[in-house]
Amino acid sequence: MADHLLEVRNLSVRFHTTGGVVNAVNGISWHLDRGETLGILGESGSGKSVSAAAIMNLIDRPPGEITSGQILFDGQDLLQASEEERRRLNGKRISMIFQDPLSHLNPVYPVGWQIAETALAHGVAKAEAYARALDLIERVGIPDPKGAMRKYPHQFSGGQRQRLMIAMALVQKPDILIADEPTTALDVTVQADVLSLLEELQEETGMGLLLITHDLGVVAEACDRAVVMEGGRIVESGTPRGLYHNAQHPYTRKLLAAAPGRGEMREPESGRTPILQVRGLRKSYGGFEALKAVDFDLHAGETLAIVGESGSGKSTIARLILRLEEADAGSVKWKGEDVLTKSRRQMGGLRRQLQMVFQDPTQSLNPHMSVYDIISEAWVIHPDILPKAQWPTRVAELLEQVGLKPEHTQRYPHQFSGGQRQRIAIARALALEPDLIICDEAVSALDVSIQAQVIALLGELRDRLGIAFIFIAHDLPVVRDFADRVLVMQRGRVVEQGSVRQIFESPHEPYTQRLLAAGLDADPDVQAERRAARRQLARAIGQMADIVQ
Amino acid sequence: MKSMLGKRALSSFVSLFVLIVLVFFLSRLTGDPAALYLPVDASEEMRHNFREIHGLNDPLMVQFGRYMADLARLDFGDSLRKARPALDVVLEAFIWTLWLALVTMALVAVAAIVVGSIAAFHVGRPFDRFASVLSLIGASAPDFWVAIVGIVIFAVNLGWLPTSGTGTVWHWILPIAVLFIRPFGLILQVVRGAMITALGSAYVKTARAKGVRNRPIIFVHTLRNAMLPVITVIGDQAAALLNGAVVVETIFGFPGVGKLMIDSILQRDFNVILASIMVTAIAIFIMNILIDIAYALLDPRIRA
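Going down the list, the protein sequences come from chains A and B.
All residue numbers for the first sequence refer to the UniProt record's numbering, where the first residue is 1 and numbers rise by one.
All residue numbers for the second sequence refer to the UniProt record's numbering, where the first residue is 1 and numbers rise by one.
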């Protein structure tokens with residue numbers, strides 16, 4: 001008789017790459033029981049997803065190789081089972097959902113069929129399979145389930161797609177659901193909804209849930225136990241509360257220390273002059289109004305955060321200010337001059353003062369240019385800034401300023417990690433000595449510990465060089481630590497703005513309150529309180545709906 | 001969808017007009033038909049009369065205006081050589097080419113998709129290597145050489161197939177086989193590449209996690225996604241065949257539109273040149289529309 005529903009024993013997996021052998025996981029062991037939620041917490045490259053891939057037989061061999069270990073499911077070692085036996089388990093007894101539901105759903109088939117296919121693949125009759133699919137679409141809360149069956153993945157929102165993935169995974173009532181970063185690509189409010197849906201479904205079916213995540217908040221919110229992974233090894237395990245209050249391993253402590261939202265809040269200085277005044281800014285795409293008359297000011301040396309869910313218009317503001325796109329109406333005054341009426345040539349001079357750092361440095365840095373070329377290109381375009389003879393010294397200075405080494409100048413972007421690449425992007429922006437840097441989700445794609453470093457770097461630059469920031473983010477704790485003032489956006493409108501303290505401690509608008517309540521805190525106790533508050537809110541809404549009916 | 005077809009039709013109409021203008025004036029550069037059709041010792045008066053009958057004495061612009069006016073009534077003029085309506089001559093030949101192209105492309109598409117998909121699923125293994133070598137040879141073999149070698153082996157030495165002409169099913173085998181090789185090699189490579197990309201995609205991972213068998217993963221999940229680039233290349237290759245497989249048709253004495261075009265250029269049969277170019281251009285236009293429709297059928301994101 002098996003001790004546990006699923007047990008991974010001493011598993012080691014390595015990959016043969018052109019750069020040599022990479023040991024992805026090294027002798028890891030963990031177990032999962034019925035009705036339990038286990039979190040695997042780790043940053044990118046920690047090997048947190050590898051054991052899940054091994055369980056689902058998703059490791060391609062070659063280049064992958066399982067060098068040791070057992071995966072016991074109901075006492076049977078999966079690694080000794082035949083391909084066909086494992087196929088029969090997949091989707092039927094062990095299911096998996098992934099991070100990015102858009103790319104994990106087949107774009108050319110209706111979702112109803114894709115959900116039914118899980119049953120069809122395991123020999124369920126067609127009519128029965130479709131009936132189950134319809135039931136589940138309804139259960140996961142998709143409106144108009146019958147119509148939804150015939151729709152395609154691109155016709156749903158991100159949160160709905162993840163719900164559809166969950167439906168697809170649960171058709172055969174599996175014993176175990178593996179969720180690999182299920183909420184990472186989703187907005188905070190949607191993230192909370194998806195996590196509570198998973199919890200409800202677990203209560204209904206008694207399945208074991210394996211949650212792979214980089215987010216301490218997800219562990220605090222949803223897990224019974226968690227293991228912490230670093231460099232292919234499990235460094236620590238325990239309950240979320242135990243890990244939070246009594247972390248033993250230095251890496252766990254480092255992760256906890258890096259969790260944003262703990263620092264002192266900043267107070268905006270009063271009496272400063274506005275350098276940027278935005279009035280009545282509007283933009284429509286076709287019939288969709290992305291921005292509906294947005295007004296705000298930015299003062300010299302100030303950091304203004306713009307927060308909101310995806311589609312709220314945050315990034316549109318940045319693109320309009322920099323004239324990467326043209327506004328439909330409104331004015332943007334930079335130091336008293338209207339940016340929107342400038343000619344192309346005048347704009348070129350102005351761009352020098354207004355720089356931007358994008359979300360994904362892998363895409364925003366040209367892979368065929370060396371770091372030296374990337375940074376010095378700014379001076380090629382604006383030759384009056386620096387005589388060519390001084391370029392090498394200045395590039396070295398800038399690299400040191402952002403925490404890289406001067407000898408990195410001849411390297412190419414792919415030779416750096418994600419966090420280092422974002423530092424290069426920042427050095428590139430600094431090369432023009434701007435007065436304003438717009439960061440569009442500049443730290444969202446980074447691991448927590450790297451994120452903390454980049455934020456610290458930006459803070460240092462702000463204090464030392466007096467640069468003003470517009471900081472576009474969906475991650476509220478980061479904003480809390482970094483910004484002076486906050487602009488909350490919803491569906492193209494500013495719903496609330498104020499100092500960081502006012503927004504985080506006494507938000508006036510229900511939308512802001514909801515946004516804050518949906519955020520996940522690394523502290524399991526804080527998270528338990530928020531959960532209770534959220535449920536109360538949901539119950540109140542339910543009662544109101546009853547009364548209305 | 002409808003507005004897209006409308007735009008397509010309009011832009012095709014414009015390019016067709018430009019094509020007519022170009023071909024009309026360029027073909028007149030090939031020389032005077034009278035020099036070709038009359039005996040060498042014909043008098044200048046006879047030549048003048050010949051040109052007068054066929055309207056070749058008028059200034060070029062007048063000839064062009066007349067041609068366009070006739071064309072507006074769907075009158076493509078007569079063939080100089082055959083003294084019959086040029087359009088009839090062209091359509092007779094075009095039917096042959098159309099069948100040749102259809103049968104060849106159907107065979108090519110089926111063979112390339114099946115072999116390419118299987119090769120993609122077994123990347124790096126013997127089947128894939130064999131298919132790659134085969135396709136490389138196919139894509140780079142010159143068709144006139146293959147045609148002649150084919151005739152020497154199968155028609156002359158073995159005597160299994162006729163050397164040229166039409167009449168029986170056997171006459172079709174060599175031309176189709178020769179035309180098959182190059183597009184097969186090319187499309188096989190495209191299928192293989194597109195399938196490798198599609199097999200590495202995230203939705204395949206999902207399908208495997210759902211417990212879907214290998215065969216539906218290849219032929220249901222990935223193939224439809226991989227077909228989009230493949231259809232483009234199939235259309236491209238089919239267009240080349242519709243234009244008339246000049247070399248192959250000439251070698252095998254196949255009475256298709258490619259051979260007709262070459263002959264009519266050599267014979268300065270201007271009306272036939274123009275008519276055959278228009279017919280093939282319209283055929284290619286129709287085929288492009290079919291490809292657009294296929295795209296929309298395959299990918300719901302394009303339909304919206």
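Hints may contain errors.
Said to hold, decoys possible - Quick list of in silico lysine-lysine cross-link-like pairs, DSSO-like style, CA-CA up to 30 angstroms:
id : chain 1 : residue 1 : chain 2 : residue 2
1  : B       : 82        : A       : 151
2  : A       : 405       : A       : 388
3  : A       : 151       : A       : 173
4  : B       : 205       : A       : 146
5  : A       : 126       : B       : 82
6  : A       : 173       : B       : 205
7  : A       : 126       : A       : 146
8  : A       : 333       : A       : 292
9  : A       : 173       : A       : 146
10 : A       : 151       : A       : 126
11 : A       : 126       : A       : 173
12 : B       : 205       : A       : 151
13 : A       : 335       : A       : 292
Stated by the list, open to error - Ranges of calculated distance between the beta carbons of each label pair, as one might list FRET restraints:
id : chain 1 : residue 1 : chain 2 : residue 2 : range
14 : A       : 342       : B       : 265       : 56 to 66 angstroms
15 : A       : 342       : B       : 133       : 32 to 42 angstroms
16 : A       : 113       : B       : 110       : 19 to 29 angstroms
17 : B       : 293       : A       : 342       : 40 to 50 angstroms
As the list claims (entries may be wrong) - Reference excerpt, derived from the structure (chain A facing chain B, CB under 10 angstroms, subset only):
id : residue
18 : 57
19 : 72
20 : 89
21 : 91
22 : 96
23 : 114
24 : 149
25 : 151
For the record, the hints were derived by calculation from the structure and aren't laboratory data.
Ideal Cβ placement from N, Cα and C applies to all residues, glycine included.
Now for the hints, and whether the structure bears them out:
| no. | hint | verdict |
| --- | --- | --- |
| 1 | 82(B) / 151(A) | violated (58 angstroms) |
| 2 | 405(A) / 388(A) | holds (21 angstroms) |
| 3 | 151(A) / 173(A) | holds (24 angstroms) |
| 4 | 205(B) / 146(A) | holds (27 angstroms) |
| 5 | 126(A) / 82(B) | violated (63 angstroms) |
| 6 | 173(A) / 205(B) | holds (20 angstroms) |
| 7 | 126(A) / 146(A) | holds (16 angstroms) |
| 8 | 333(A) / 292(A) | holds (18 angstroms) |
| 9 | 173(A) / 146(A) | holds (21 angstroms) |
| 10 | 151(A) / 126(A) | holds (19 angstroms) |
| 11 | 126(A) / 173(A) | holds (17 angstroms) |
| 12 | 205(B) / 151(A) | holds (21 angstroms) |
| 13 | 335(A) / 292(A) | holds (24 angstroms) |
| 14 | 342(A) / 265(B): 56 to 66 angstroms | holds (58 angstroms) |
| 15 | 342(A) / 133(B): 32 to 42 angstroms | violated (60 angstroms) |
| 16 | 113(A) / 110(B): 19 to 29 angstroms | holds (25 angstroms) |
| 17 | 293(B) / 342(A): 40 to 50 angstroms | holds (46 angstroms) |
| 18 | 57 | holds (7 angstroms) |
| 19 | 72 | violated (19 angstroms) |
| 20 | 89 | holds (7 angstroms) |
| 21 | 91 | holds (4 angstroms) |
| 22 | 96 | holds (4 angstroms) |
| 23 | 114 | holds (8 angstroms) |
| 24 | 149 | violated (14 angstroms) |
| 25 | 151 | holds (9 angstroms) |
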